[in-house]
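Undergrad: Here's the letter readout for the chains.
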Amino acid sequence: MSAFEIINLSRRGFLKAGAGLTLGVAVPSLAQMAGPGKGGGSVVAAGALEPNAFVRIGTDSTVTVIVKHLEMGQGTYTGLPTLVAEELDADWSQIRAEGAPADASRYNNLFLGAMQGTGGSTALANSYEQMRKAGAAARAMLLAAAAERWAVPPDSITIARGAVVHAPSNRKATFGQLAVAAAKLPVPQDVKLKDPKDFALIGRRLTRTDSRAKSNGTAIYTQDVKLPGMLTALVAHPPRFGGKPKSFDADKAKAVKGVVDVVAIPQGVAVLASDFWSAKKGRDALAVEWEESGAFKLGSAEIMAGYKSLAATPGLPARKEGDLPGAFARAAKTLEAAYEFPYLAHACMEPMNCVVKLSADACEIWNGEQFQSIDQPEVAAVLGMKPEQVKLNMLFAGGSFGRRANPHADYLVEATQIAKAIDGRAPVKLVWTREDDMRAGHYRPMYYHALKAGLDAQGNLIAWQHRIVGQSILAGTAFEGMMVKDGIDATSVEGAANLPYAVPNLGVELHSPKMGVPVQWWRSVGSTHTAFSTETFLDELALASGKDPYQFRRALLAKSPRHKTVLEMAATEADWSTPLVSARVGDRRGRGIAVHESFNTVVAQVAEVTVRRDGSWRVDRVMCAVDCGVAVNPDVIRAQMESGIAFGLTAAMHGAITLKDGVVEQSNFHDYMPLRMNEMPRIGVYIARSSEKPTGVGEPATPVIAPAVANALFAATGKPIRALPIKI
Amino acid sequence: MITLNVNGKPMSVDADADTPLLWVLRDHLGMTGTKYGCGMALCGACTVHVNGQPARSCSTPFAAVAGKRITTIEGIGQTKEGRVLQEAWVANDVPQCGYCQSGQIMSAAALLAKVKRPTDAEIESAMSGNVCRCGTYNRISLAVRQASRNLK
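Respectively, the protein sequence lines represent chains A and B.
Using numbering that gives the first Met the number 0, the letters of the first sequence correspond one by one to residues 0 to 727.
Using numbering that gives the first Met the number 0, the letters of the second sequence correspond one by one to residues 0 to 151.
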């Protein structure tokens with residue numbers, strides 16, 4: 000038996016907030032460290048330079064960047080260190096990345112006020128100046144230390160690629176040689192940032208800091224954490240949302256070798272064992288009777304039928320422009336379309352799990368930690384502690400797509416309840432099986448959209464009415480006060496209420512029925528459905544007005560230059576005006592275009608599809624253009640476009656969580672099918688040149704692919720697609 | 000006690016014979032590079048080699064592989080295929096969340112050991128059992144082709 004040693008990173012609490020300077024012995028944790036050159040971190044001797052909460056320079060010249068955002072695949076452990084390295088003039092091979100502890104006073108997300116958390120494609124965007132300043136401050140201290148040592152004017156010293164040089168006297172020093180002396184100097188409060196024309200690293204391809212550890216099995220995820228004496232817990236959950244355990248018989252479970260205890264918690268019964276397989280066998284042997292009087296018992300068909308009835312009535316206004324009834328009255332042609340969207344599970348490759356260790360006055364958690372400012376108080380409430388007594392270790396997450404930022408800290412609370420139920424006598428690792436994970440709810444909500452538009456005699460779009468029906472994601476969460484205004488949940492209508500097209504008479508309305516199915520944000524949130532209905536309806540309107548879908552959009556985007564630019568880029572790269580050729584007789588081919596803004600990033604995609612004679616189809620190629628401001632790491636941007644396309648295409652082709660009598664019908668990857676390599680299209684990514692501040696890239700490619708593909712299928716077959724997943 | 004041969008080393012395991020190899024590796028032997036993804040041989044995150052053949056360790060009772068050569072992600076770098084693949088994975092920045100990549104590399108290594116210069120169709124066929132929710136498939140395909148070229 001061997002156990003990985005996980006070192007608590009909260010040791011960093013000794014640092015003064017902000018720019019306080021501290022000498023410290025830095026003990027890197029293998030679980031947290033990632034560098035371009037190696038999987039683990041190197042040991043940093045006493046005397047490290049730590050000018051602020053984000054940078055530590057060791058006497059061995061390693062530069063450790065403390066990253067405040069979760070690395071879940073989107074590249075934060077590369078993007079944020081790039082910003083530091085740029086202003087520090089470090090060599091990329093010196094850079095290591097380390098996850099920050101939970102401490103919102105230093106590591107808050109600047110776009111979320113006082114909250115610490117990762118989401119909304121904000122990690123790089125909110126850190127752009129903060130991390131550059133952190134690097135610039137460290138650079139200024141190294142420079143001052145060298146000037147003092149060599150007794151030369153600071154402006155006669157240059158720093159490039161990790162080398163501090165005084166050319167006139169031919170003297171040179173490494174960061175490590177200057178770290179101890181620099182640590183004794185005052186931390187500059189005001190630093191000048193580089194002119195973007197002098198960027199040496201921003202805009203270049205730099206290899207990810209975590210690629211090697213993630214290619215040789217040494218990267219540590221929560222699933223890999225093993226503490227001395229730790230027990231693994233599996234939980235029997237009720238078959239329906241809102242169910243509770245009524246009674247249970249633990250005798251057979253306890254008879255399983257390795258099972259240590261069986262305890263009831265509010266939402267289920269936990270089996271604790273020495274290892275996963277024993278816990279699993281114990282849970283299989285457990286007999287539980289469920290109390291289902293308050294359980295949710297509707298099926299997807301009944302839910303959707305209710306939504307359709309609601310859509311026939313006016314909803315709360317989310318946006319109102321011009322005179323909609325008047326415009327419809329004078330329209331030469333009116334079109335209507337309705338769209339249906341199912342629940343969707345996040346289905347991260349690493350199912351939800353976490354490790355909880357209790358002591359009398361503290362709780363320590365290891366987790367793919369995404370939302371510290373939610374998780375600390377939620378866990379503390381279970382234990383009657385203060386939030387700051389909950390220490391959170393942020394490990395690599397095996398995907399999230401929004402799931403680990405649960406507004407109720409659901410699986411962390413569950414694990415904490417189990418640890419509490421055994422009086423904290425052993426650390427507890429809660430593991431959800433794939434089936435547990437898929438049936439746990441917190442889905443992208445089901446939605447029904449009803450759209451109606453009017454064209455004048457010349458085919459101009461003069462009226463647009465959009466009604467959305469679906470559960471509010473934010474109702475009942477800490478974000479309700481902030482983001483639900485006049486009954487409108489901003490995440491239900493984003494992408495629809497801010498339709499970029501110039502339509503003089505426009506109305507967007509919302510119904511937010513309550514259902515007993517827990518829902519949550521899912522990569523690109525509201526845009527997952529609003530981009531689809533708006534962008535496919537637009538193609539139907541283009542056809543009705545006798546215009547080309549690309550030119551129809553282009554004309555309506557005269558006042559949205561970023562949309563127009565990426566739309567033109569994607570169309571140009573796709574050779575839009577050249578007809579597609581079928582490879583085989585009987586194959587029908589089609590090309591579709593879509594453009595959408597989410598999280599301040601605009602993405603346009605052209606998809607090309609082939610529909611075979613037997614009705615099967617595939618996406619051959621996708622041209623994706625993106626405007627995300629300054630391209631900090633173009634290859635990470637490309638990777639996120641590819642990733643978003645694959646994720647959105649999975650939902651478009653296969654994704655549906657359905658309920659029958661309240662029971663989730665799917666359980667694993669055979670009935671909730673992921674995209675596989677044989678379904679992956681070729682992808683070209685084209686990044687718009689921009690000098691604006693960077694915006695997010697983790698989510699914005701996701702919502703665009705489904706409408707681009709649906710429009711391509713519409714072009715190929717003449718039949719519009721009005722429900723996801725796509726069936727032709 | 001059952002003795003397994005993992006990455007060329009004998010390892011004694013005291014576990015029920017029906018315990019899947021995955022959980023023996025992870026919980027009993029502390030080798031956590033092999034990942035749990037689905038438990039039903041659907042996603043490939045748990046792929047290891049048994050006598051050089053790719054196997055889903057989540058659905059392989061460990062007692063059934065006693066006496067056979069088991070290779071995991073921790074040992075694959077010692078083979079020439081594993082080495083070129085890991086270098087190609089880093090060179091192309093294949094991983095995103097990275098959780099599936101051990102299994103991806105193990106499937107790719109089994110392919111290259113059998114077919115030194117696979118066609119695109121052979122790569123697709125060999126790799127389509129491995130799921131990546133981050134959608135790194137195009138880079139995986141690119142890295143396998145690059146590794147194949149670098150295989151002496």
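Hints may be right or wrong, so weigh each one.
Here are a few chain A residues that face chain B, going by a calculated C-beta distance under 8 angstroms [to be verified]: (1) D209; (2) S214; (3) K225; (4) M229; (5) F327; (6) A346; (7) F395; (8) A396; (9) R433; (10) N497; (11) F646; (12) P673; (13) N677.
From chain B, some residues computed to sit far from chain A (all C-beta separations above 10 angstroms) [as the list claims (entries may be wrong)]: (14) T2; (15) G7; (16) G32; (17) L41; (18) Q52; (19) S58; (20) A63; (21) G66; (22) T78; (23) K79; (24) K115; (25) I122; (26) R132; (27) T135; (28) R148; (29) L150.
Hint data in this document are derived by calculation from the structure and do not stem from the laboratory.
Idealized CB from N, CA, C, for every residue including glycine.
Undergrad: Evaluate each hint against the coordinates.
TA: So, going through the hints one by one against the coordinates:
Satisfaction of the interface hint for A/D209 is found here, the shortest Cβ-Cβ separation to chain B being roughly 7 angstroms, below the 8 angstroms cut-off. Among the interface hints, the one on A/S214 holds; its C-beta lies about 4 angstroms from the nearest C-beta in chain B, closer than the 8 angstroms criterion. Because the closest C-beta pair between A/K225 and chain B is about 7 angstroms apart, less than 8 angstroms, the hint holds. Checking A/M229 against chain B: minimum C-beta separation of about 10 angstroms lies over 8 angstroms; hint violated.
Hint on A/F327 is violated. Least Cβ distance to chain B is approximately 42 angstroms, over the 8 angstroms limit. A hinted interface residue such as A/A346 counts as satisfied when its beta carbon comes closer than 8 angstroms to some beta carbon of chain B; here the least separation is about 6 angstroms, so the hint holds. About 7 angstroms separates the beta-carbon of A/F395 from the nearest beta-carbon of chain B, less than 8 angstroms, and the hint is met. Among the interface hints, the one on A/A396 holds; its C-beta lies about 6 angstroms from the nearest C-beta in chain B, closer than the 8 angstroms criterion.
Satisfaction of the interface hint for A/R433 is found here, the shortest Cβ-Cβ separation to chain B being roughly 5 angstroms, below the 8 angstroms cut-off. The criterion of a C-beta within 8 angstroms of any C-beta in chain B is not met by A/N497, whose closest approach is roughly 27 angstroms, and the hint is violated. Because the smallest distance between the Cβ of A/F646 and any Cβ of chain B comes to about 6 angstroms, under 8 angstroms, the interface hint for this residue holds. Hint status for A/P673 relative to chain B: holds, with the closest Cβ pair at about 5 angstroms, below 8 angstroms.
Of the supplied interface hints, the one on A/N677 holds, with its beta-carbon coming within about 5 angstroms of a beta-carbon of chain B, less than 8 angstroms. The non-interface label for B/T2 is consistent with chain A: the shortest C-beta to C-beta separation is roughly 16 angstroms, beyond 10 angstroms. Its beta-carbon lying about 16 angstroms from the closest one in chain A, B/G7 satisfies the requirement of being farther than 10 angstroms from that chain. For B/G32, the requirement that its beta carbon stay farther than 10 angstroms from each beta carbon of chain A is not met, with the minimum near 2 angstroms.
For B/L41, the shortest C-beta to C-beta distance to chain A comes to about 4 angstroms, within the 10 angstroms cut-off, and the non-interface label is violated. In this structure B/Q52 is separated from chain A by more than 10 angstroms, as the shortest Cβ-Cβ distance comes to about 19 angstroms. At roughly 12 angstroms, the least C-beta separation between B/S58 and chain A is larger than 10 angstroms, which holds for a residue marked as non-interface. Distance check on B/A63: its Cβ is at least 15 angstroms (rounded) from any Cβ of chain A, clearing the 10 angstroms threshold; non-interface status holds.
Every CB of chain A lies more than 10 angstroms from the CB of B/G66, the least distance being 21 angstroms, so the non-interface label holds. Interface exclusion of B/T78 from chain A stands, the closest Cβ pair being 13 angstroms apart, more than 10 angstroms. The non-interface label for B/K79 is consistent with chain A: the shortest C-beta to C-beta separation is roughly 15 angstroms, beyond 10 angstroms. The Cβ of B/K115 lies farther than 10 angstroms from every Cβ of chain A, with a closest approach of about 20 angstroms, so its non-interface assignment holds.
The beta carbon of B/I122 sits about 8 angstroms from the closest Cβ of chain A, which is not more than 10 angstroms, so the claim that it is off the interface is violated. With a minimum CB-CB distance of about 5 angstroms to chain A, B/R132 fails to clear the 10 angstroms threshold, and the non-interface call is violated. Not every C-beta of chain A lies more than 10 angstroms from that of B/T135, the closest at about 7 angstroms, which undercuts listing it as non-interface. At the 10 angstroms boundary, the C-beta of B/R148 stays outside the reach of chain A, the nearest C-beta of that chain being 18 angstroms off.
Distance to chain A confirms B/L150 as a non-interface residue, since its nearest Cβ pair spans about 17 angstroms, more than 10 angstroms.
The structure fails hints 4, 5, 10, 16, 17, 25, 26, 27 (numbered hints given earlier, in ascending order).
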